[in-house]
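Number of protein chains: 2
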Amino acid sequence: MIGRLPRYYRYLGDLKSEGVERISSQELSRIMNVTASQIRQDLNNFGGFGQQGYGYNTSYLYDEIGKILGLNKQHDMILIGAGKLGQAIVNYMNLKNRGFSFKGAFDIDPALVGKSIANVPVFKMEQMSDFITKNNIDIAVLTVPKAAAIEITQVLSETPIKAIWNFAHVDLKVPERIQVESVHLQDSLMKLSYNIRRNDEN
Amino acid sequence: MIGRLPRYYRYLGDLKSEGVERISSQELSRIMNVTASQIRQDLNNFGGFGQQGYGYNTSYLYDEIGKILGLNKQHDMILIGAGKLGQAIVNYMNLKNRGFSFKGAFDIDPALVGKSIANVPVFKMEQMSDFITKNNIDIAVLTVPKAAAIEITQVLSETPIKAIWNFAHVDLKVPERIQVESVHLQDSLMKLSYNIRRNDEN
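Protein chains in written order, with the numbering used here: chain A, 10 to 211; chain B, 10 to 211.
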């Protein structure tokens with residue numbers, strides 16, 4: 010269920026920006042390609058926003074799902090690994106709109122330290138732990154190679170960080186209080202390759 | 010099940026490069042944090058590579074899973090959208106090692122056209138369809154904004170492309186013969202935010 014919430018949030022955001030004030034579960038079903046009964050079941054879990062025969066208030070539902078997703082709170086973040094992927098994430102995601110804000114970046118490359126990426130200052134890796142504590146950082150975005158990711162995760166585990174958004178190609182071991190969400194790009198590409206092979210054979 | 014195969018492949022690749030020749034389902038269970046019976050069930054689906062009391066041949070199992078994932082074939086790719094995220098993907102993923110190779114990139118920005126990204130030439134967007142046909146391109150990697158992604162997907166649907174690896178924040182509609190795998194970074198970040206909120210409340 011939580012897996013489907015960001016998708017609801019995305020579609021409702023689109024509807025909202027198109028000026029759609031109310032939407033029925035049937036209509037949402039059609040555009041999202043999910044059964045209407047699945048939609049009613051999902052959304053009733055979250056307090057029955059809808060009214061029979063009247064549909065959902067798009068804006069209200071959007072805000073409520075946003076709260077469930079914790080998007081009504083400010084999340085301060087750091088980037089660990091200020092290479093190309095890290096820079097792309099800082100630049101691309103336009104995160105501030107949703108309450109996510111990069112406060113600093115950390116790298117071992119002396120050529121990057123002291124510079125900025127989209128107004129985010131790059132510091133030495135050794136400054137990371139202190140920075141997290143002093144600035145109440147919630148989320149560390151990890152865009153370093155695998156071996157470094159394992160090492161840095163050990164350091165992060167000693168800090169008050171709440172979550173790691175992991176782009177390294179490895180499963181991280183962390184204390185239970187730290188949340189991890191991994192984006193395994195290579196796994197995703199392998200799924201695509203698997204589906205191509207299956208389709209070629211049919 | 011297919012969802013778990015890339016992870017098996019990743020762990021077996023690590024074991025292989027550490028020089029581990031054989032591994033038991035118990036040991037694999039421990040390092041992967043999956044039950045041994047789940048592992049036996051998954052891997053027996055693929056032809057019973059293992060032998061009771063003797064374990065799996067790491068290298069053989071790695072290669073067989075690679076074949077199932079279609080990784081024994083060469084996949085030629087193009088990048089659509091040569092901005093920061095696209096550049097990061099071309100640079101970062103070290104794709105050639107696994108039979109994935111970028112043959113060209115396409116962008117509407119005249120400042121990028123004619124240049125190269127990690128030796129991949131950037132062409133005009135209008136040249137895309139012809140390029141796909143002439144070069145037998147299998148996979149289009151889509152790193153453009155949402156509105157452009159929808160438009161370009163319509164163009165791609167008229168070409169012999171086999172798959173789209175989608176980084177745009179939208180669900181793409183394609184003919185059934187085209188495979189789509191999406192990396193929705195914002196959805197992933199929202200899951201993290203949700204888990205932080207839940208953990209804060211406990």
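Don't take every hint at face value.
Put simply, identical chains are the same to the list, so a pair is met inside one copy or across any two.
[As the list claims (entries may be wrong)] DSS-like, lysine-lysine: derived pairs with alpha carbons at most 25 Å apart: (1) K155 / K143; (2) K112 / K133; (3) K155 / K200; (4) K182 / K76; (5) K133 / K182; (6) K112 / K124; (7) K200 / K112; (8) K25 / K143; (9) K124 / K25; (10) K76 / K133; (11) K93 / K25.
Read the hints as simulated data drawn from the structure, not as lab findings.
Against the structure, the hints:
1. In the homo-oligomer, the alpha carbons of K155 and K143 never lie at most 25 Å apart, since the shortest distance is 27 Å inside one protomer and 37 Å across protomers.
2. Taking identical chains as interchangeable, the C-alpha atoms of K112 and K133 lie at most 25 Å apart only when both belong to the same chain, with a minimum of 14 Å there against 37 Å between chains.
3. Taking the shortest alpha-carbon separations for K155 and K200, both the intra-copy value of 21 Å and the inter-copy value of 23 Å come in at or below 25 Å.
4. Neither within a single protomer nor between protomers do K182 and K76 lie at most 25 Å apart by alpha-carbon distance, with minima of 28 Å and 29 Å respectively.
5. When the C-alpha separation of K133 and K182 is checked against a cutoff of 25 Å, the pair qualifies only within one copy, where the shortest distance is 24 Å, while the shortest distance between copies is 44 Å.
6. For the identical chains of this complex, K112 and K124 are intra-copy neighbours only, at 14 Å inside a copy versus 33 Å across copies, given an alpha-carbon limit of 25 Å.
7. In the homo-oligomer, the alpha carbons of K200 and K112 lie at most 25 Å apart only across protomers (21 Å), although the nearest pairing inside one protomer, at 34 Å, exceeds that limit.
8. Taking the shortest alpha-carbon separations for K25 and K143, neither the intra-copy value of 38 Å nor the inter-copy value of 42 Å comes in at or below 25 Å.
9. In this assembly of identical chains, the alpha carbons of K124 and K25 never lie at most 25 Å apart, being 38 Å within a copy and 39 Å across copies at closest.
10. In this homomeric assembly, K76 and K133 never come within 25 Å of each other (Cα to Cα): the closest approach is 35 Å inside a single copy and 43 Å across copies.
11. In this assembly of identical chains, the alpha carbons of K93 and K25 never lie at most 25 Å apart, being 34 Å within a copy and 29 Å across copies at closest.
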